[in-house]
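Trainee: Here's the letter readout for the chains.
Number of protein chains: 2
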Amino acid sequence: MSEQRESKGISKWELDTPCLVIDEEILEQNIRAMQSHAASFGKQLRPHAKTHKCSHIAKMQMEAGCTGICVAKVSEAEVLVKNGFHGVLVTSPVVTDYKIERLMECLSIDPGLTVVIDHAANATKLNEAAERRGLTLNVLVDLDPGMGRTGAPLNNGLAMGQLIDRLPWLRLRGVQCYAGHVQHISSFDERCRASLDWMKRAAEVVRQFRQGGLACDIFTGTGTGTYEIDCKIPELTDLQVGSYTMMDAEYLSIGSSQNPSHFEKFPPALTLLTTVISRNHSDFVTVDAGLKALYHHGGTPYVLHPSDLGLEYEWWGDEHGRIVLENRAKTLEIGDVLELVVSHCDPTVNLFDVLFSTRSGIVTDVWPIDMRGKCQ
Amino acid sequence: MSEQRESKGISKWELDTPCLVIDEEILEQNIRAMQSHAASFGKQLRPHAKTHKCSHIAKMQMEAGCTGICVAKVSEAEVLVKNGFHGVLVTSPVVTDYKIERLMECLSIDPGLTVVIDHAANATKLNEAAERRGLTLNVLVDLDPGMGRTGAPLNNGLAMGQLIDRLPWLRLRGVQCYAGHVQHISSFDERCRASLDWMKRAAEVVRQFRQGGLACDIFTGTGTGTYEIDCKIPELTDLQVGSYTMMDAEYLSIGSSQNPSHFEKFPPALTLLTTVISRNHSDFVTVDAGLKALYHHGGTPYVLHPSDLGLEYEWWGDEHGRIVLENRAKTLEIGDVLELVVSHCDPTVNLFDVLFSTRSGIVTDVWPIDMRGKCQ
Numbered sequence: 002m003s004e005q006r007e008s009k010g011i012s013k014w015e016l017d018t019p020c021l022v023i024d025e026e027i028l029e030q031n032i033r034a035m036q037s038h039a040a041s042f043g044k045q046l047r048p049h050a051k052t053h054k055c056s057h058i059a060k061m062q063m064e065a066g067c068t069g070i071c072v073a074k075v076s077e078a079e080v081l082v083k084n085g086f087h088g089v090l091v092t093s094p095v096v097t098d099y100k101i102e103r104l105m106e107c108l109s110i111d112p113g114l115t116v117v118i119d120h121a122a123n124a125t126k127l128n129e130a131a132e133r134r135g136l137t138l139n140v141l142v143d144l145d146p147g148m149g150r151t152g153a154p155l156n157n158g159l160a161m162g163q164l165i166d167r168l169p170w171l172r173l174r175g176v177q178c179y180a181g182h183v184q185h186i187s188s189f190d191e192r193c194r195a196s197l198d199w200m201k202r203a204a205e206v207v208r209q210f211r212q213g214g215l216a217c218d219i220f221t222g223t224g225t226g227t228y229e230i231d232c233k234i235p236e237l238t239d240l241q242v243g244s245y246t247m248m249d250a251e252y253l254s255i256g257s258s259q260n261p262s263h264f265e266k267f268p269p270a271l272t273l274l275t276t277v278i279s280r281n282h283s284d285f286v287t288v289d290a291g292l293k294a295l296y297h298h299g300g301t302p303y304v305l306h307p308s309d310l311g312l313e314y315e316w317w318g319d320e321h322g323r324i325v326l327e328n329r330a331k332t333l334e335i336g337d338v339l340e341l342v343v344s345h346c347d348p349t350v351n352l353f354d355v356l357f358s359t360r361s362g363i364v365t366d367v368w369p370i371d372m373r374g375k376c377q
Numbered sequence: 002m003s004e005q006r007e008s009k010g011i012s013k014w015e016l017d018t019p020c021l022v023i024d025e026e027i028l029e030q031n032i033r034a035m036q037s038h039a040a041s042f043g044k045q046l047r048p049h050a051k052t053h054k055c056s057h058i059a060k061m062q063m064e065a066g067c068t069g070i071c072v073a074k075v076s077e078a079e080v081l082v083k084n085g086f087h088g089v090l091v092t093s094p095v096v097t098d099y100k101i102e103r104l105m106e107c108l109s110i111d112p113g114l115t116v117v118i119d120h121a122a123n124a125t126k127l128n129e130a131a132e133r134r135g136l137t138l139n140v141l142v143d144l145d146p147g148m149g150r151t152g153a154p155l156n157n158g159l160a161m162g163q164l165i166d167r168l169p170w171l172r173l174r175g176v177q178c179y180a181g182h183v184q185h186i187s188s189f190d191e192r193c194r195a196s197l198d199w200m201k202r203a204a205e206v207v208r209q210f211r212q213g214g215l216a217c218d219i220f221t222g223t224g225t226g227t228y229e230i231d232c233k234i235p236e237l238t239d240l241q242v243g244s245y246t247m248m249d250a251e252y253l254s255i256g257s258s259q260n261p262s263h264f265e266k267f268p269p270a271l272t273l274l275t276t277v278i279s280r281n282h283s284d285f286v287t288v289d290a291g292l293k294a295l296y297h298h299g300g301t302p303y304v305l306h307p308s309d310l311g312l313e314y315e316w317w318g319d320e321h322g323r324i325v326l327e328n329r330a331k332t333l334e335i336g337d338v339l340e341l342v343v344s345h346c347d348p349t350v351n352l353f354d355v356l357f358s359t360r361s362g363i364v365t366d367v368w369p370i371d372m373r374g375k376c377q
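Chains W and B, in that order, give the protein sequences. Position in the first sequence (from 1) plus 1 gives the number in the numbering used here. Position in the second sequence (from 1) plus 1 gives the number in the numbering used here.
Just so you know, the hints here were simulated from the structure itself, not pulled from any lab data. Hints may contain errors.
One copy or two, it doesn't matter: identical chains are merged, so the pair holds either way.
Unchecked claim - In the DSS-like style, the derived pairs of lysine-lysine whose C-alpha atoms are separated by at most 30 Å in a straight line are: (1) K9 - K83; (2) K60 - K233; (3) K331 - K126; (4) K126 - K9; (5) K266 - K60; (6) K201 - K233; (7) K9 - K60; (8) K83 - K60.
Computed from a predicted model, the values in this text were never measured in an experiment.
With the hints as extra help, turn the sequences into a complete structure.
Mentor: Next up, the structure:
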């Protein structure tokens, strides 16, 4: 930790590499932009911490006005609950005895803790666990948006809600419908059609709940790829967006309402710094960031700085990357530092222990990625 | 840590998932098999810790008779040196002022520390840093096996050796030639041709060193894919193999001298346990291991247990995997635990904090992956 403290006040270009850097001004701007977008449609934000895995950023989101934080795993919820967060939502079913006990420990600290359910047997099991503790567990019915990953079939949503409503230690709060498979559809129009199709069907379940006298104050869903689209659904109450905070090459390359080939609303706040370590060729150099520093998924990282040399990153094994020089008249020297936009932010952040926050290129703080490795 | 201690003595099937498990008997068998293979050719082993990132396993390798341990990064060397290892070899150039200072700190503890050099300017810089400390740094000339990632061109190897030999604070020990790009060539015969071609050219540099009166007691190289092949090179002194300890789907699928479509010598000692968390479909279920628990690279993980259901793993986002049931007559229940062989062991191990070691399915110990995240 001493090394990290020493970094405060230095230029980001002096940091040891590879490392992850956050531009605080862009991060704040992205957090504000999504918050006011949601507010303008009368929606809440319940952003997903699985992207940044960083309590500090979750706190910034709460301070900006969001209604709660989502996590994918119980081990992530444990970190947030221990850090004083309330109303954490676990967006994936929790099914084993051991994990349910850990969930109950979280519930004993955060009475607002909420979990999704997509199977009747799981509802019964959670009800029994809550009864043993004398605690009431908030639950949402997880609805499947035609993807099949998790969620009850839509035509079974009402029955699942009725079952949960009869279980005394569970408190039905509403539904979740997250269409992960439509978030990265390149064409904005096609993404609109796909997302609205499924979200309208989920909204029909919300209406069935209300007509049937079931509590449904929450209808949560939506990712960064559909944040503009799903706000058109009146029943939707909150947005589970995550990547908008940091952004990555994968999201930046999809179309948006403003531009058919680029997602302009949220600039990249997250970048990776990497150093040239070998240069024995005229048309490429080797940098110190490979698969273990840039997660190999979701597209190719691109070079943000220097921007004028026509540089391209290519994967080159666990520890290295190749930077191809399109313009051979210029070159890079050993020791030169490059700044890249990462391919897929979520799993890349999960490779590091800290984020270096910066303002105008100066390191202002070091934020622990305290949910890093929390995959359980 | 308390959770980890409690796991000793329980069945591996009771562990919280996703998690990584080591079969200690297979690991020991793999370590012994590679050690005796090398010995039968009069070679040493200098295994690469970048695969397992675990001091405990490096210690097992040393106890089995290996001559030293390789690392890819200075931050990995720091962990080993602080744990009392001697003769650590850093297999990638160390070029920046900050990293060179860290390297010198390691050298002040481990006088046997060795680093590779592939550029004249870097040799001068390392010599100056060693002089400032009054320490002698062991170095190898890194030779490029036609891959271009790191290494001096072969026809420049002798000149680089002569340059280093003249620098008083550097002690030339020999050469490194690691052909990373041939390790996974599927055909054994083709891999033989490619590897021997480059390793013979590197051996020619070794002979030039010796004819020119340059020290060359080390010629290190070779990975798990070429361990059988490169031992035919008389000049080669040691093998930098790494993956043979744990193995993965990528290596197990290449041909070997015994079998054209399978690498039989080293069974997988490393597996991942994952739990069924959703089951609303007849032909697939959802498990709790996605991109953040199984690194998406090098092939598809395969199901080791249960082995009789014709199960296949498919990638399904950051947090989940899909298990496809070929035989729909049988099924899996929520809570069932599956055991997978991972796709690429190196970056997958780097996603976790601990390895659970087991004997006959019972957890015997918890080994910290103490070089996890050490990508600097």
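Trainee: Could you run down the list of hints and mark each one as holding or not?
Mentor: These are the hints, each one checked on the structure:
1. For the homomeric pair K9 and K83, the shortest alpha-carbon distances inside one copy (27 Å) and between copies (26 Å) are both at most 30 Å.
2. In the homo-oligomer, the alpha carbons of K60 and K233 lie at most 30 Å apart inside one protomer (28 Å), although the nearest pairing across protomers, at 60 Å, exceeds that limit.
3. For a Cα distance limit of 30 Å, the shortest separation of K331 from K126 across copies, 24 Å, qualifies, whereas the shortest one inside one copy, 65 Å, does not.
4. With identical chains, the CA atoms of K126 and K9 are at most 30 Å apart between copies only, with a shortest distance of 27 Å across copies and 49 Å within one.
5. Taking the shortest Cα distances, K266 and K60 sit within 30 Å of each other inside one copy (22 Å), while across copies they are farther apart (51 Å).
6. In the homo-oligomer, the alpha carbons of K201 and K233 lie at most 30 Å apart inside one protomer (10 Å), although the nearest pairing across protomers, at 67 Å, exceeds that limit.
7. Taking the shortest Cα distances, K9 and K60 sit within 30 Å of each other inside one copy (21 Å), while across copies they are farther apart (37 Å).
8. For the identical chains of this complex, K83 and K60 are intra-copy neighbours only, at 13 Å inside a copy versus 36 Å across copies, given an alpha-carbon limit of 30 Å.
Violated hints are absent here; each numbered hint is respected by the structure.
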